[in-house]
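Student: Residue numbers (the working numbering), protein chains in the order written: chain A, 1 to 460; chain B, 1001 to 1296.
Think of the hints as simulated: they come from the structure by calculation, not from any bench. Every value quoted in this text rests on a predicted model; they were computed, and no experiment measured them. Backbone N, C-alpha and C fix where the C-beta goes; we use that ideal spot for every residue, glycine too. Do not take every clue at face value.
[To be verified] The calculated SDA-like cross-link candidates involving lysine to any residue, where the alpha carbons are at most 20 angstroms apart (straight line), are:
(1) Lys1055/B with Lys147/A
(2) Lys130/A with Gln1043/B
(3) Lys1146/B with Ala107/A
(4) Lys1129/B with Phe1147/B
(5) Lys1146/B with Gly278/A
(6) Lys1257/B with Ala107/A
(7) Lys1129/B with Val318/A
(8) Lys103/A with Ala1030/B
(9) Lys1037/B with Ser109/A
(10) Lys1153/B with Thr441/A
(11) Lys1051/B with Glu455/A
(12) Lys451/A with Lys1055/B
(13) Lys103/A with Phe1022/B
(14) Lys1153/B with Gly438/A
(15) Lys430/A with Ser1061/B
(16) Lys103/A with Phe1228/B
(17) Lys451/A with Ala1064/B
(18) Lys1037/B with Gln460/A
(19) Lys130/A with Phe1047/B
(20) Lys147/A with Met376/A
(21) Lys1153/B with Arg272/A
(22) Lys1129/B with Thr297/A
(23) Lys277/A with Phe1147/B
(24) Lys130/A with Glu1046/B
(25) Lys212/A with Lys1146/B
(26) Lys1067/B with Ile434/A
(27) Lys103/A with Ile1237/B
(28) Lys450/A with Ser1061/B
(29) Lys1257/B with Met105/A
(30) Lys1146/B with Asp439/A
[Unchecked claim] Incomplete in silico selection of chain A near chain B, CB under 8 angstroms:
(31) Pro87
(32) Glu120
(33) Asp227
(34) Gly334
(35) Glu418
(36) Asp422
(37) Tyr424
(38) His433
(39) Ile437
(40) Glu455
These are the residues of each chain, in order.
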Amino acid sequence: MKKILLWLLVLTMCISMVASFSLVGCKEKAAPAEEEAVEAAEEEVAPTEEAAVGEPKTIVYWSLWNEQEPFATVVNKWIEDYKKVKPEITIEVVYVGREVMTKIMTARSGGETIDLVDTESYVLKGSLIKEGISLVMDEALDAPDYKGDNPWRDSFLAGTLEQYAADDGKVSVISYNLITNGFMYDKKLWRDNGWTVPETWDELLALCETIKTTSDISPITQDAGVDLYNDMWNYQIMEKLVGPGAILAAAGDETGMSWEDPAFKEAIEMERVLWDKGYIVEGAAGFTWPAGQLLLTTGEAAMELCGSWLPNELKTQVSDDFEWGTFPFPEIAGGVGKITDMESYLIGWAAFNDTKVGPEIVDFLKFCTTPENQQMLVDESWNMSTILGTNIPPAIQGLGEALLDSETLFSPHDGLPEAYPDYYKNVYLKNHHIAFIGDITPDEYIEVMKKETIEYWENQ
Amino acid sequence: MKRRRYIAWIFLAPSLIMYLYFFVYPTIEAIILSFYKASGFTQNPEFVGFKNFSKLISDDSFLAALKNTLLLLVIGGIGIFLIAFIFSLLLGSGIKGKKVYRTIIFFPFIIAPVVHSIYWGLLVYNPRKGMLNQFFKLLHIEALAKFTFTEPKYVLWSVIFIVIWVSVGFYLILLMAGIERIPPYLYEAARIEGATELRMFFNITLPLVKEVLVIAIIFWGINAVKMFDLLYAFGGILPPRALWTNAIYLYIMGFGKRDPIFQLGYASAIGVVTLLLVIVISFIIRKLIRREIYEY
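Assemble the whole structure, with the sequences as input and the hints as a guide.
Tutor: Printed below as a string of structure tokens:
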């Protein structure tokens, strides 16, 4: 009996060992087949024909939103409404959170099928588009929209589809959520103190001086522990001084000499004025997010330069009489940028080119991008939509109006995150952060940027 | 004898299989991947030989992360074991309520690292309203009341302090387990001979607790090198660069942090170097602290 038991155990162990190694083997063998599929699908474009009626299909959709966020509530509503129109199509949505691409990378390596993803459009450009694994949407965009009135392409605010197109101009990212950047403040607080919105850099400095000298409120709050928040000052100043593209061009200059452009030094000097004159709240260099932005809600600081997501993020933290006001980054004397040159920070969808449900995805996205459905998102998220015919949320009226008047839209951080993500993180943000808080001088900043840009390109 | 060996293998097999599949196999895969340029999104990585490793040598961010890892390991380790020894001696001196003190000291260890990050970052170290600055304000020490503990120049030291505060309890329990095994008559004899507390510590406690100490130090070394959660969560949305260790840098380069970096091959090279670091550290500790067996 003992012998039988012993042999049974040995057999079980052997089977489990063989099974585990064959799993490894299977994965390795599957790789070339997957490769072929990817190659075959590389040139795949989104079909323009109608999705087959009646045949049950499932779209697996991974989203950057979290289940509790207002965005997810709206997406759930879209899916629910879409199911009523197209009962044969099931949308399996997974709310993964902000690091959705990281999780997709792992899931797809494990053979999991994912058809559709939404995340920041620059992340989609730096991953799916860069790798050539996204479904090209141009034909679908030229076909009629959900209601069949106009080409789908015409539904979008000018420039927002092209902003994250591939180098050959093909569009894969359908951006829907439009975020911008500017100053946030409490209108009531400003009204009570007689402060008015500045339109030039000099007016901004004068206002800061007034706030500092006539109240116990700090003029500007800043979550200066977050390097990318600090960079909002730098790229906004650079856009206003020399226009979009200067930082991107300097990053791409292998000689590093572009950093000698006086505008780069001037931008840092202008940022340092805010610290040296005490306009930025004391201790900000050591703030751990969200310590800085909370000062806006308590009325201890008068304004913050941030993304237009801030009112929505803080809506439960502010008092009932807090009135959100926003205004764009002011013009700078002698600079080329206008006050209406605005940041366009987009969140969008992209489909994988190996999806089996291309027509269904297109149909679902057309449904989601009707003005009525997008208005739901605007109302819930207090952010703008790329879809024409939607309103500006009252909380960001000032920024929204400037954005709609804009003739020049620019990408956040001047487009560095999608073009040179590691340079952006390890060279640009690193050095800007220490220059911004004053650990190095503007001259040292220029020198280190030149040096590290050369080193970066030597290492590629 | 032969039959006993079979049975031993049978009982070892499940854990061995799991170890091979979940540790050895991925390690080998990671080593292979470190010789490739790969994003993780496609199945066609490009072989680049030792390029990822040569890039590491001139990568300032990696060198800074390595320096932070070593500072955390050495300074954090010194702090933890020094305080743990002091506590263990105090608790072993016949103090009343030993178990209560031990529980209090151990308590921070059972709290999630993310909670520590939020608590210390927002409530203790906050330069405007943090408890620490307010405390110094009460004491009228203006220089410290206005000190920014979390600005890039000081944040690592501030976080090492948290790590020490969190970890002391765990290592104290380990050390006390060793110290309590030491027969009391050795101390009694030493006292009769006129030995001071310090002399008893160096001549009795330390040599007899060496076995446990070696294990505890190796354990700390591994924990320090792979420490991630507390440091990563400290900045809220983004871990401050001054807190990047090898583990964080590996994650950022491999998987981005809302940035499309996705350099899996390079991240694997960082992982391989980190693995080597753990092996070297374990080896050095074992060599430095020779294992002498004292029988008592």
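Student: Next item in the hint list is aspartate 227/A. Is there a CB on chain B closer than 8 angstroms to its CB?
Tutor: holds, 7 angstroms
Student: Taking 20 angstroms as the top limit, are the C-alpha atoms of lysine 1129/B and phenylalanine 1147/B close enough?
Tutor: Status holds; Cα separation ~12 angstroms.
Student: Do the alpha carbons of lysine 1051/B and glutamate 455/A lie within 20 angstroms of each other, as the hint requires?
Tutor: Holds. Lysine 1051/B to glutamate 455/A sits at ~15 angstroms (cutoff 20 angstroms).
Student: Verify the proposed pairing of lysine 1146/B with aspartate 439/A, using a straight-line Cα cut of 20 angstroms.
Tutor: holds, 17 angstroms
Student: Quick check on the hint: glutamate 455/A CB to chain B CB, less than 8 angstroms?
Tutor: holds, 7 angstroms
Student: Holds or violated: are the alpha carbons of lysine 1257/B and methionine 105/A at most 20 angstroms from each other?
Tutor: holds, 13 angstroms
Student: Can the hint on histidine 433/A be confirmed by a CB-to-CB distance to chain B that is less than 8 angstroms?
Tutor: This interface hint holds because 7 angstroms falls under the 8 angstroms limit.
Student: With the threshold set at 20 angstroms, check whether the alpha-carbon distance from lysine 451/A to lysine 1055/B stays at or below it.
Tutor: holds, 16 angstroms
Student: Would the hint linking lysine 1153/B and arginine 272/A be met if the CA-CA limit is 20 angstroms?
Tutor: holds, 18 angstroms
Student: Under the criterion that the straight-line Cα-Cα distance not exceed 20 angstroms, is the pair lysine 130/A, phenylalanine 1047/B satisfied?
Tutor: holds, 19 angstroms
Student: Quick one, are lysine 1146/B and alanine 107/A close enough, alpha carbons at most 20 angstroms?
Tutor: violated, 48 angstroms
Student: Tell me if the straight-line CA distance from lysine 1037/B to glutamine 460/A falls inside 20 angstroms.
Tutor: holds, 11 angstroms
Violated hints for the displayed structure, listed by number in ascending order: 1, 3, 31 and 34.
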